[in-house]
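Asker: Quick mapping for you: the protein sequence lines, in order, are chains X and F. Heads up: the first sequence at position 95 corresponds to 95 in the working numbering, and the numbers run straight through without jumps. Heads up: the second sequence at position 137 corresponds to 137 in the working numbering, and the numbers run straight through without jumps.
No lab work stands behind these hints: they were computed from the structure.
Residues from chain F shown here face chain X by an in silico Cβ test under 8 Å; the list is partial: (1) M1; (2) R5; (3) A8; (4) A11; (5) L12; (6) E14; (7) V15; (8) A18; (9) S19; (10) R21; (11) I22; (12) V23.
Result set (DSSO-like, lysine-lysine): computed pairs, CA atoms no more than 27 Å apart in a straight line: (13) K10/F / K35/X; (14) K33/X / K10/F; (15) K54/X / K10/F.
Remember, predicted model here, so these are calculated numbers, not experimental data. We treat Cβ as the ideally placed atom computed from N, Cα and C, and that holds for glycine.
In case you want the letters, here they are:
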Amino acid sequence: MDGPDEIIHQSMRLRIAATLNALPHGEQLEFNKLKAVLGATDGNMATHLAALEKAGYIAIQKDFVGKKPRTRVWLTRPGRKAFDRHVAYLRELLDGGS
Amino acid sequence: MTVTREEAAKALEEVSRASDRIVTLKGYNQGAPHFIIWGLVWLVANTVTQFWPDQTDWAWGSGIVMGMIASAVAGIVQSRGVKPDAPSAFDPKTARRVGLTWLVTLAFISCLIFISRPETSREANAMISIFFPFMYMGAGIWAGWRLFAIGLVTAAGILAGFVWIGEYYALWMGLFGGGSLIAGGLWLRSA
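Next comes chain X alone, as it looks inside the complex (with noise of 0.2 Å):
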């Protein structure tokens, strides 16, 4: 069985992953509103976003609505594949014990 995802794994950034990883892939999800459904902090969600854009996982857009600026976060295939991997880890560790 593979070991634990140390970046997935901190709460906050678990969270990201799987609200983003249930969204159709390559679906983006605006800051504002991953902030909201997670109730963070903007320097919260930012420094977590950071983490997973540096290790691949996640993918930032940064944009203008207008003059309104817009940024978008998507779950990437490696960082659909580390969640995956990293949930079934946790699945395996409750059923089989450790």
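Starting from the structure of chain X, add chain F where the hints point.
Answerer: Structure of chain F alone, referenced to chain X:
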């Protein structure tokens, strides 16, 4: 790094909660424009029915066609917005299913009218209209409580109006029925 069984259980719970929440919110956001569109159709067509009864068939016929077109456009725009790299936002398979769902709905309502034979336009209006909020309530049991609440309030309004409002029932249906759908759509969008 070691993870205990308790931590694993807690993490899986978090995963499940986060997934459920975003799926519900996504459903709300996708449903919102359709509620607003059909609220407007109810508002306009019922108001025309109240004040220009000879234009009723025309108002409802054109209202339903425009509502279906607007709903289809809203669905296409939504699918483009979330996947900018998608080659085509129009999916013929989905369009066929949506069209068939509409046909089934219209067939059901036609059968309902044929069997129960309402004697007044007020009865027919209530009978047709009450179908939709109950559908929302049924869907809400699976998809999220806000949907259920919109259906409940709308159904209660339709029934209350049917019992207590006489000759101005169509206006009531336009203002309350249409209004509750529009307000419900805005409420879903804000989720």
